[in-house]
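> Chains as they are written, first to last, in the working numbering: chain F, 1 to 232; chain C, 233 to 464.
Be careful, since some hints might not be right.
[Claimed, not checked] Only pairs whose alpha carbons sit at most 25 Å apart, straight line, appear in this in silico SDA-like list of lysine to any residue:
| # | chain 1 | residue 1 | chain 2 | residue 2 |
| --- | --- | --- | --- | --- |
| 1 | C | 302 | C | 255 |
| 2 | C | 306 | F | 14 |
| 3 | C | 306 | F | 87 |
| 4 | F | 14 | F | 126 |
| 5 | C | 302 | F | 14 |
| 6 | C | 306 | C | 436 |
| 7 | C | 302 | F | 228 |
| 8 | C | 302 | F | 220 |
| 9 | F | 87 | C | 290 |
| 10 | F | 87 | C | 365 |
| 11 | C | 302 | F | 221 |
| 12 | F | 14 | F | 203 |
| 13 | C | 302 | F | 165 |
| 14 | C | 236 | C | 340 |
| 15 | C | 302 | F | 217 |
| 16 | F | 87 | C | 456 |
| 17 | C | 306 | C | 419 |
[What the hints assert, rightly or not] Here are the computed distance ranges between Cβ atoms for each label pair:
| # | chain 1 | residue 1 | chain 2 | residue 2 | range |
| --- | --- | --- | --- | --- | --- |
| 18 | C | 241 | F | 171 | 42 to 48 Å |
| 19 | C | 435 | F | 139 | 30 to 36 Å |
| 20 | F | 47 | C | 451 | 46 to 52 Å |
These are calculated hints, taken from the structure and not from any lab test. Every residue, glycine too, gets a C-beta built ideally from N, C-alpha and C.
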Amino acid sequence: MAADQQTSRASFLKAMFAITWKDLTAEFRSRELFSAMLVFSLLVILIFNFALELDITTRQTVTAGVLWVTFAFAGTLGLNRSMAVEKDRGCLDGLLLAPVDRSAIYFGKVVSNLVFMLIVEAIVLPVYSFLYDVNLFNLGLFLVILLGSIGYIAVGTLLASMAIQARTRDVLLPILLFPVAVPVLIAAVKASEGFLAGNDFGTIYAPLSLLIGYDVIFIAVAYMVFDYVVEE
Amino acid sequence: MQSKPLTLKILDIACVLILAIATYLALIYAPEEAVMGQVQRVFYFHIGTAWTGLLGFLFAAGLGITYLVKQDLKWDIAEVAAVEISAVFFFITIVLGSIWARPIWNTWWTWDPRLTTAAITELIYVAYFMLREGIEDPDRRARFGAVYTLIGGLSAPITFLSIRLFRTIHPVVIGSGDPNAQGTFAMTPHMEVAFFFGLFAFTVIFIDLFWNRIRMGQLAAKVEQMKLNLMH
């Protein structure tokens, strides 16, 4: 029995990483998605510069907000694309025919989307630091970015797999995703602000625990309902 | 086609009477609030629609889960009914609140956390209808609708929780509010009568509309079926 469980867990992980690996390999060959996300986020940051007149005093207060808006926009771009590719070329049907647990497909997609988002973030942060002369090298901030991205991608991947099956597909994802991802963005902005301002941990504790709670709840829900979303 | 059940007819009439009584209680019976004056009377309906609206969203999430488990379209019809009525009630809440805020806060709208979350919650359910709109297949539409109400029903309370991270100027009449709230007051016994009757009235109206809307949903499904039969 125990051995049985172990093999099924091993095959689950294997299926999951196979999907992640497929996405990453395809991406490293074409670099379509990645370059689009990256250029887009840099443009968003530059537009914010004009829109908000990011002078030295404003920068202190809006950095967290600007960063998260940028990540959220770039994230939707990536999510849309990563699911649309599967749908367009009929790959999704192939994946669904594979004799693996469907939630393995979901988690595989989540991991690859998360990797894309984290890579983009890892490039945007130093660029933002450099352009606006703000020190963003802060372990607390990295933790918040990781937790926030996990929550955002967990919900986003689920909603993207619904959105691509609708008539209005690309337009629909941000409309579906933004209102339900608001808690992540609020908590992430609050926690990032706290870490950047060097506040003591007591004040950051609340948004941080909210982020963790959101991640856990929505990963669990997405795991439970993903089957219904891809069912034919 | 079955005619309208007698109980429903009676309930319809009862609703009109109850609404009339609630209006009387709110506009005439309850004493004028000393500081805010007549505009405070908006409160009795504001809370009534807000509570039934929010509970209706949670109720819809419950119906969504039931649909996913039972896979019977009648639960989907009930879910749409609940979301639709709740969305209208919640919109009324926002409009009434805005009418109250004009003299009290001296603005129609302010980006107070409570107002912002109310707007976000309403947008979740606008997105819900846009999602449904984009999908032709009734079973898939029902599945996606159920998944989205579930996610919305989870996300909205978390959003409300996350705004606790901010200060709010929105008054909390029941329980203790933020000391920064502007427009708080203590209820007199007469006001309490009007308040609780308002709550009761909107609950009954919700049930009545819910029932009528389910009937309408069933008839719409029947019409759709007939159209399909004609085409084949």
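> Which of the numbered hints above does this structure break?
1, 2, 3, 4, 5, 9, 12, 14, 16, 17, 19
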